[in-house]
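Asks: Each chain, written out:
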Amino acid sequence: MQKQADVVIIGAGVHGASAAYHLAKAGREVVVLEQKEIGGVASGRSGGIIRCHYSTEAMVRLALRAAQLWPGLDKQLGHPVDFVQNGLIMMVDEQDAETLKRVVAMQKRLGMNTDVISMGEAQGLVPGLNPDGLALASFERDAGYADPYTAATAFGRAARAAGATLHANTAARAIRVENGKVTAVATDEGEIKTSVVINAAGAWADRVAAMAGIDLPVTPGNLQMCGFEPNYTGWTSKTPTWVDMPKMTYARPDTGGLVLCGGGLGENESWEEEKPNPDSPPSKPTDLFEAEMAENLGERIPWIVGRPMVRSWCGLDGSSPDFHLIFGEHPQVKGFINIVGGSGNSFKLSPATGEAVTELLTTGSCTYLDQHAFSVTRFAENRPFRGMYRMHIVG
Amino acid sequence: MLHIVVCLKAIPDPDVPAADLKIDGAAKRASGGSYVINPFDENALELALKLKEAAGDVRITAVSAGGPEAADRLRKALAVGADAAVRLEPPTEPDAFAVAAALAGAVRRLGDVSLVLAGRQAGDWDHGQAGGLLAELLGWAHVPFAFAAAPAAGGLLQLTRETAAGQATVEAPLPLVVTATNHADCVLRLPKTKEILQARRATIAEYPAEAVQPRTRVRALRPAAETGRRCEMLGGADPVAQAEALVAWLKERGLLAGGAER
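Protein sequences, first through last, are from chains B and Y. First residue of the first sequence? That's 1 in the working numbering, and the numbers climb one at a time after it. First residue of the second sequence? That's 396 in the working numbering, and the numbers climb one at a time after it.
Hint data in this document are derived by calculation from the structure and do not stem from the laboratory. Some hints here could point you the wrong way.
Dumping the calculated DSS-like pairs for lysine-lysine here, alpha-carbon to alpha-carbon at most 27 Å [unchecked claim]:
hint: 1; chain 1: Y; residue 1: K589; chain 2: B; residue 2: K284
hint: 2; chain 1: Y; residue 1: K423; chain 2: B; residue 2: K284
hint: 3; chain 1: B; residue 1: K193; chain 2: B; residue 2: K334
hint: 4; chain 1: B; residue 1: K3; chain 2: B; residue 2: K334
hint: 5; chain 1: Y; residue 1: K587; chain 2: B; residue 2: K275
hint: 6; chain 1: B; residue 1: K36; chain 2: B; residue 2: K238
hint: 7; chain 1: B; residue 1: K238; chain 2: B; residue 2: K101
hint: 8; chain 1: Y; residue 1: K646; chain 2: B; residue 2: K284
hint: 9; chain 1: B; residue 1: K238; chain 2: B; residue 2: K75
hint: 10; chain 1: B; residue 1: K3; chain 2: B; residue 2: K181
hint: 11; chain 1: B; residue 1: K36; chain 2: B; residue 2: K25
hint: 12; chain 1: B; residue 1: K193; chain 2: B; residue 2: K3
hint: 13; chain 1: B; residue 1: K193; chain 2: B; residue 2: K181
hint: 14; chain 1: Y; residue 1: K587; chain 2: B; residue 2: K36
hint: 15; chain 1: Y; residue 1: K589; chain 2: Y; residue 2: K447
hint: 16; chain 1: Y; residue 1: K417; chain 2: B; residue 2: K275
hint: 17; chain 1: Y; residue 1: K445; chain 2: Y; residue 2: K589
hint: 18; chain 1: B; residue 1: K25; chain 2: B; residue 2: K238
hint: 19; chain 1: B; residue 1: K36; chain 2: B; residue 2: K3
hint: 20; chain 1: Y; residue 1: K587; chain 2: Y; residue 2: K447
hint: 21; chain 1: Y; residue 1: K417; chain 2: B; residue 2: K284
hint: 22; chain 1: B; residue 1: K25; chain 2: B; residue 2: K193
hint: 23; chain 1: B; residue 1: K25; chain 2: B; residue 2: K101
hint: 24; chain 1: B; residue 1: K284; chain 2: B; residue 2: K36
hint: 25; chain 1: B; residue 1: K36; chain 2: Y; residue 2: K417
hint: 26; chain 1: B; residue 1: K36; chain 2: B; residue 2: K193
hint: 27; chain 1: B; residue 1: K275; chain 2: Y; residue 2: K445
hint: 28; chain 1: B; residue 1: K284; chain 2: Y; residue 2: K587
Calculated Cβ distances over 10 Å to all of chain B for the following chain Y residues [stated by the list, open to error]:
hint: 29; residue: G428
hint: 30; residue: A449
hint: 31; residue: G461
hint: 32; residue: G534
hint: 33; residue: G550
hint: 34; residue: T588
hint: 35; residue: E601
hint: 36; residue: V613
hint: 37; residue: R624
hint: 38; residue: E639
In this text, all values refer to a predicted model and were calculated from it rather than measured experimentally. No residue lacks a Cβ here, since even glycine has one placed at the ideal position from N, Cα and C.
The following block holds chain B by itself, in its conformation from the complex (with noise of 0.2 Å):
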């Protein structure tokens, strides 16, 4: 184990395999602590859908700069991330047809690739698409996903070449903090020691806030997805991601044909009722969740009925009190970086926040991220993230 570092990145999911990619090719020493396997929590479950519509401008303008970078990573990389640009439709009832056309204009005028379309028009895209109970849409015409296993893995491997080094079955076992300033990060194999200690741990990250004495917003919480196997030519890889607004819920392609979905309800209230361990973690998402898809894809896409679940999955992401990103450095302890609390929707963001970290830590300044928006500060402020959509956790 090396003994010094300038940075030590905690975490291998992909902001921390982005972090040590941006890092490392930025001509800093990293070192990179993953305890499991890079890629292997969060990162590898995630839904891997990329897309910019928000209804805050500092996501929009962060997720805009991910989704410039997200079509030539692989060659950025060089290795695949298996990006698919399939385009992304969001559907509102009634209620919150208004504020679409709101939040659409301040894409557009943000450099969004958006606009609102009919019901009709949703119809068009999605073949097969039954409209009860929906209003307006909008299509962002970039949006697409990419492999999330594939892309952790890819960052790994090029942060690798750029000169970083990842150590996987490594946990961060303390950190020294003297005078309020990040001094050495310890493991079972010896200490390394640093000025900057990024925690990108995902549902850990409370946890390593803690052993650097900070009490951080934090707590695990269960992302949930399952994928149904349709018998429908209307259904291609390409078709547009779709999101039904009023069920929170969820459904893209994948290239193996499949019908990938999530979000649900019932997810919010198994939150309420209980914090996973994240060292303990469930391996099937509930059955609540599972008859849940089922119901509101049968309603939204009625030739999937009676179609087989052939997979559902889940994983422990962190979740933050707005579930909203929490970046930057943390006020109480100097050399503390945050990338955490994603709450299971910041896999899009990944390339964008290597790169802003790269340019916190050379000139104090980021270019497309928000710092004052992102910061931990912003609980105790009263100011967090707010959509201004009905269900305004969505973001």
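Here the structure of chain B is known, so what remains is to put chain Y in place on it, guided by the hints.
Replies: What follows is chain Y alone, placed relative to chain B:
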């Protein structure tokens, strides 16, 4: 009225990643991930539900010997359509005879049961014995590896079962024990959200433990020994060179019989 008992077992998710599986050698227990209904028991439950749809006057009681996880999984059985659920205290050892005796006790206590459905084996220990032992203890016939069941003339039950050569159809009178195997025709249906929420409020009967001595005892439980893998990457710029490198490697270790040059 046909009263069917479906026996199901809550087991640790067979798909849990190895890194999350915990083996407690002292307590001789394995855990990790979520508990699921043993997949073959789900097939048995689906057979029962299809029989109910075909025959009409059918009552299904789901029975499981286990701890709180058994009660939790019984609620899924209720949600998909079982009419009642009973939890039994599990035997002190994962012994097929003790489980079969406990299940037989429950069947007798229910009184009017004439068909018992269960999975052919459980995905944790894979003994595959409880169903057959249960039939013996009840004095009933046993049809194994069934994947379809339908009422037949004369009060018989028609079963389609998997055989080494393909499949066979048998007719059997009740009372009967049938163990199910997996097949596209008996994948357990998904419950509806409304029924899941209703099942949360349902009462699950608890029958007292039968004092049955297990006939086997687990002496030790430990993870498979780490074999310690080694991997040597052989070089070679193209397939021909790589093949030559492999042949040389094998020869050096005396692993090529005859040693004939090619």
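Asks: For each hint, tell me whether it holds in the structure or not.
Replies: Each hint, compared with the structure:
| no. | hint | result |
| --- | --- | --- |
| 1 | K589/Y with K284/B | holds (20 Å) |
| 2 | K423/Y with K284/B | holds (24 Å) |
| 3 | K193/B with K334/B | holds (14 Å) |
| 4 | K3/B with K334/B | holds (20 Å) |
| 5 | K587/Y with K275/B | holds (25 Å) |
| 6 | K36/B with K238/B | violated (33 Å) |
| 7 | K238/B with K101/B | holds (25 Å) |
| 8 | K646/Y with K284/B | violated (49 Å) |
| 9 | K238/B with K75/B | holds (21 Å) |
| 10 | K3/B with K181/B | holds (18 Å) |
| 11 | K36/B with K25/B | holds (24 Å) |
| 12 | K193/B with K3/B | holds (6 Å) |
| 13 | K193/B with K181/B | holds (12 Å) |
| 14 | K587/Y with K36/B | violated (36 Å) |
| 15 | K589/Y with K447/Y | holds (20 Å) |
| 16 | K417/Y with K275/B | holds (20 Å) |
| 17 | K445/Y with K589/Y | holds (20 Å) |
| 18 | K25/B with K238/B | violated (34 Å) |
| 19 | K36/B with K3/B | holds (21 Å) |
| 20 | K587/Y with K447/Y | holds (18 Å) |
| 21 | K417/Y with K284/B | holds (16 Å) |
| 22 | K25/B with K193/B | holds (21 Å) |
| 23 | K25/B with K101/B | violated (41 Å) |
| 24 | K284/B with K36/B | holds (19 Å) |
| 25 | K36/B with K417/Y | holds (15 Å) |
| 26 | K36/B with K193/B | holds (22 Å) |
| 27 | K275/B with K445/Y | violated (38 Å) |
| 28 | K284/B with K587/Y | holds (17 Å) |
| 29 | G428 | violated (3 Å) |
| 30 | A449 | holds (18 Å) |
| 31 | G461 | holds (17 Å) |
| 32 | G534 | holds (36 Å) |
| 33 | G550 | holds (32 Å) |
| 34 | T588 | violated (5 Å) |
| 35 | E601 | holds (22 Å) |
| 36 | V613 | holds (22 Å) |
| 37 | R624 | holds (14 Å) |
| 38 | E639 | holds (29 Å) |
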